[in-house]
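Chains as they are written, first to last, in full-length UniProt numbering: chain F, 1 to 143; chain H, 1 to 143; chain U, 1 to 143; chain A, 1 to 143.
Be a bit skeptical, because a hint or two may be false.
No distinction is drawn between identical chains; accordingly, a pair holds when it is met within one copy or between any pair of copies.
Said to hold, decoys possible - DSS-like, lysine-lysine: derived pairs with alpha carbons at most 30 Å apart:
#1 Lys74 / Lys21
#2 Lys64 / Lys34
#3 Lys113 / Lys64
#4 Lys34 / Lys21
#5 Lys22 / Lys34
#6 Lys64 / Lys28
#7 Lys64 / Lys74
Please keep in mind that the hints were generated in silico from the structure rather than gathered at the bench.
There are 4 protein chains.
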Amino acid sequence: MNGDHGGQEAGHGVTLEDLRKKMADFVKERDWDKFHSPRNVLLALVKEVGELSEIFQWKGEVPKGLPDWEEEEKVHLGEELSDVLLYLVRLSDICGVDLGKAALRKLELNARKYPVQQVSSKDDAILLDEKTTNAHLSTDLPS
Amino acid sequence: MNGDHGGQEAGHGVTLEDLRKKMADFVKERDWDKFHSPRNVLLALVKEVGELSEIFQWKGEVPKGLPDWEEEEKVHLGEELSDVLLYLVRLSDICGVDLGKAALRKLELNARKYPVQQVSSKDDAILLDEKTTNAHLSTDLPS
Amino acid sequence: MNGDHGGQEAGHGVTLEDLRKKMADFVKERDWDKFHSPRNVLLALVKEVGELSEIFQWKGEVPKGLPDWEEEEKVHLGEELSDVLLYLVRLSDICGVDLGKAALRKLELNARKYPVQQVSSKDDAILLDEKTTNAHLSTDLPS
Amino acid sequence: MNGDHGGQEAGHGVTLEDLRKKMADFVKERDWDKFHSPRNVLLALVKEVGELSEIFQWKGEVPKGLPDWEEEEKVHLGEELSDVLLYLVRLSDICGVDLGKAALRKLELNARKYPVQQVSSKDDAILLDEKTTNAHLSTDLPS
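Only chain F is shown next, with the shape it has when bound in the complex (with noise of 0.2 Å):
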């Protein structure tokens, strides 16, 4: 989403905690928080995420970067993944969970579920490394 629209500075400030503040005044300006019940929410995200991955559907393997990628669908792809994140913060928010703060906890149980391998050679590396991938393929790790 680089460039897209001009002269405004990156998002990285950007803090779920803004998004969930958007949200909930957006919804509650126009007087839909009748609509925003949990399931209601989660099948809207479920349909964004059918968006997704209709950008995604008919490209066979995609290189990192999309380095072939005309910018117009680039800025589509943009659109689709933030219809799953303002979702996404909306289902957390009626849900009373504080997303910042389980995402926070999230990524330290992966990390002690996932421990970073040590290796002093490029054999072992390289042994660990199919222990690693054998652990990849067969769990559901986020990350």
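Dock chains H, U and A against the given chain F, drawing on the hints supplied.
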């Protein structure tokens, strides 16, 4: 997730950039970059959305705030919400999308697409509300 | 979908093999085989599940039989259910899975995993029902 | 799934009506009808789509026929495809949709929406193919 692991402050200041960097470091330290192609991470995200849905699947309608849920179940919910978030942040990163910036832009687009109705009486409010409701039902707005 | 396009018999005799063959022919006639890699079709399926979810997303709880739905909406629902089915049949085919056979086998596995409880009184029924409920809630049974 | 449980014939004759009835009986025998509201079953389906995606998530591009997969993994794939199918059949049933009929109708609609191109030379074929490709990429066709 309030109070689910004592003594820690809330996650209000957590930025998307914080999470992006933590995920990138986590993956790099484990030499998992080779697994993190866009479509691999997208499918991992879909899997986590499935786990999020599983939490809600047999419950029927669930009120906001989840008043009847056990603390353990709320912690689990926070973990699944986090897994979706972390993969979403990771997918954005490897696609070269500034997710915070994209989300702010999408919120602006939504605000323009669904302008707040000005109402001055209860009757007007009801009429406008019906229009809003129909717009809501017939569109894929993300909020 | 009953009565949505008059005069035609019900689809009771439709086999999975009928649909597999029709999809394979459809794709071949249009020279689309090159697009139908397993992960492309999987992502297309995820997209259709999103569209199916969209139909239910703002509705709150919906009773069986959809008594309050307009005919047009039911027809739309039938189309989205069909899109998911057709991609599922297609994915199975290109992966070399005999879906009908696999489904019968899975039904047998489920029947063994969740044996029917024999109950002889109302009290027993309630007790067993609670156990069943808990099993139901804590597992990922597909039925 | 060919040969994954010896001696049984292929599932070619399995109809959607067979599966619908088996699922309805299975649920009734266990007194689980009370859990099978449309949105409960829909979320269960989303969860199974997540499990299906998990099988493909770290694999990169996968060729048709899955030549390098272990037999055990193919059996697992058949189970997840079946779980999605069984919930899809169940969801259709409780919504009053004749899924076989709806699928045949959708195939007809697709055939009309994407007519087979008649081509008489290699050059024409390439040109038409490009058009077909673009149509394919820009639409949500289910095949």
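Problem set entry | Which numbered hints fail | Violated hints: none; all satisfied.
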